[in-house]
Structure formats: C-alpha cells, structure tokens
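Can you build the whole structure from these sequences, using the hints too?
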Amino acid sequence: MSQTTYDLIKRCHVKLQTEITVSSPPDVKMVSTGTQTDESYLQDSEDLENSFMKSMEEEDGHDDDIDSEWIPENDDDEQCNDYEEINPAKERKFIVFESCLEHLFTSCNSCGFPCKLTKTVLGTYISIKSFCENCFAQKKWESQPTSNAMPLGNLIIAGAVLFSGGSAHKFLTLCKHASIQMFSIGTYMKIQSLYLVPTIEDVWQRGQLHLFTAAKESGKPLRLGGDGRCCSPGHTAKYLSYTLMDLKTNKILDTQLVQKNEVRNSYAMELEGLQRGLARIAEEELQISHLITDRHSQIKKFMREVHPEIIHWFDCWHIAKGIFKKLEAASKKKHCEIVGDWSRSISNHTYWCAMSSGGNGELVSQKWCSILNHVCNVHEGHGAEFPRCEHRDLGDRLWI
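Note that the sequence shown covers residues 1 to 400 in the UniProt record's numbering.
This list has only true hints and no planted wrong ones.
Lysine-lysine pairs mimicking BS3-like chemistry, simulated, CA-CA at most 25 Å apart:
1. 216 / 248
2. 190 / 90
3. 332 / 321
4. 176 / 119
5. 190 / 170
6. 139 / 119
7. 251 / 216
8. 300 / 238
9. 321 / 333
10. 300 / 321
Source of the hints: derived by calculation from the structure; they are not laboratory data.
Right, here's the structure in full:
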C-alpha cells in the first residue's frame, strides 16, 4: 500500500474507528466553573500506527464504504433534530460521572489519535469540544438541548423545585454534598423571576378565565367558600392569601394576596382579601347566592351590612375543630379524663347537626344541645323540634 493511499484512507475511512483499541485516559481534575482544557496522549504514534495498519489489513477490499464527504458537524445536526421530536420535560435524565463521560471523547473518531478536550459548564449543562491534532477533526457535544442560550435542564430542574413546593436551599445543599453539578441560588432566583413566575401567572389567568366563562354559561348563582391563610400563625403574619372556591365544582375561582402594611393590622388582612375577591367576582358580572367562611367578626359585620343579599354561613370545620380542642384541654384536668373519650364523638356531632337540619336554625340548636342529655344516657325530651334521638339502642357505653 502506498503512503499516499494510506494517508487518504487515514483521513476519510470512518468505519475503522470501531477497530481501534486505546487505553483509559489519566485522571482529570474537575473545575467547578468556567472552562477547562484537557490534553491526553494515550499511546505513542508507533503503537497507534501498528494498530491502525492491522485494522486496515482486516478491512482491505471494502473501499466502497469510504465516504469522503462525511463531516463531524453533520452528527450534531441530527442530534438537534432528535431533540425537537422529544419533549425535554418528559425525556428521562441520568446522572453521569465525569470520568465516564470523558472516556467517550479521548480518541478521535476519524483516526484514533488522542484529542484535546475543552469543557464548558453552565449549571447542569456541559459541552465538550474535541480537537484532533493529527487529522484536525473537530466535534462538539452538548449534554442537553438549549433554547435561546438557556440550557433546558436548568429550567426544568428549577421549575421542578418551585412547582413541587420544595426548598431551593435544601435542594442545592443536597447536590453540593453529592458533588452533583448544579446552578447557584442566584441563578435559581433569576430563572424563577424571568420564566417560572410569569408562566404560573399566565396559566392561572387562562384557567381562571375558563372558569369564569363556564360559570356564566351555567346561568346559576355561585355558592362559594372562602378562607385565608397567613404566612405565619398569630398576629405577626406579614402576608395572607385569601381564596374563594366554587363549592359545586371544587375549583378555585380567585385568590388574593394581602400584605400587612396595606391594612391597619394583620387581623384586618382576611377581610381585605375577601373584599378584593368579591370585587373580582363582581367584575365578571357573576352572582353569589351563598358564602361560607369562618366566624371572623369583621367578616360577619361586613356581610351583614354590605352584602345582605348573600346568605352567609359558617364553616362547620372551624367550629368542630375549636370544640374538639377545648374538650381535649378539659380532659386533662383532674377527674375529667372521660371527657376525652367523648371529644371526637361530640366534634362529629357538630357536622351531623349542620348537615341534617336543612338550614333550620332552631332545629340545629336543639340537636346540638341534645348532646348534653345524650352523653348521660338520656335520649328524649330535647325540645319541640327534636324531641328524641334518632339512633337505635346503643347498649352499654361510657356514659357520663
């Protein structure tokens, strides 16, 4: 074989790369940020030349497979097309050790000579550029797709942390202890403010508009439940979110965020949230027939004076929870342990009184007061509306 023919085949014959055997590269030190360059020479030129010639002899007679037009960059284009066909958020991701990744790029795919590697790290993203100083072949590999220079892995992981309600600080600390390459807390905050929060607002507004449209098409007044949630318990809260839910569809129609400095004190935040929520419903020209809230004194006065046309109910859950806590506290007093045995039953009795009375306030009152007789094994004479208990014979119980 002439030297000219050998040089031509050495530059063009891609199929031979599967026959070249090279040793593992030396350990490479990791640089956490920026760009690093690694140069590894796996074996001397004479040994590699012999290995290459042996492969040439085995492949002799198959010159038809030579593709002189093959360019490494074409593979990159094919990779980009694959990314377009797969949803990056749904595609599986893997954790790869750096040393294992380097084994894929240590030798040239065209001639088998050692390559000079250049790494660029950006959060979870890494790109590796390989350059062969023998045949001058170049290739660039990226660990994940990008969009407008934004690595999608960074965006997806930041979104997963926020949408799952997790703590960014705890997650990043976990990655640090496991030596998993990750973005910084500053990058996370930028991604959150530039991409994630606007996306949440857009999805919420479109979903809310759909719910308002469905409520208008039904032509029926709404039955809403409202409640507020503070950022911290007690009167030291700085923020409160007030939510209005359609009790027929169990869908959130509106939510309002109130800050303490917008009202007189933290106690007034709940009323302010309700007022804003009702105003938002009124903007959509929707009618409200019933509203269920807790027993907030300011809300009771507001509904009685400003919205007498809306039937205002109290949430039984708040009442039952308060009764249960008081009974549990009483059961811890001396000679009152038996009260604790009845606390759960009495709390559940509150729900039954509200559900079985059809809105008759007097009947609710007599059913509720009947519990004083019931725990003493007296089941008659509760009142005109509710003369006796409706249960069957209960047998022996821990009567008080």
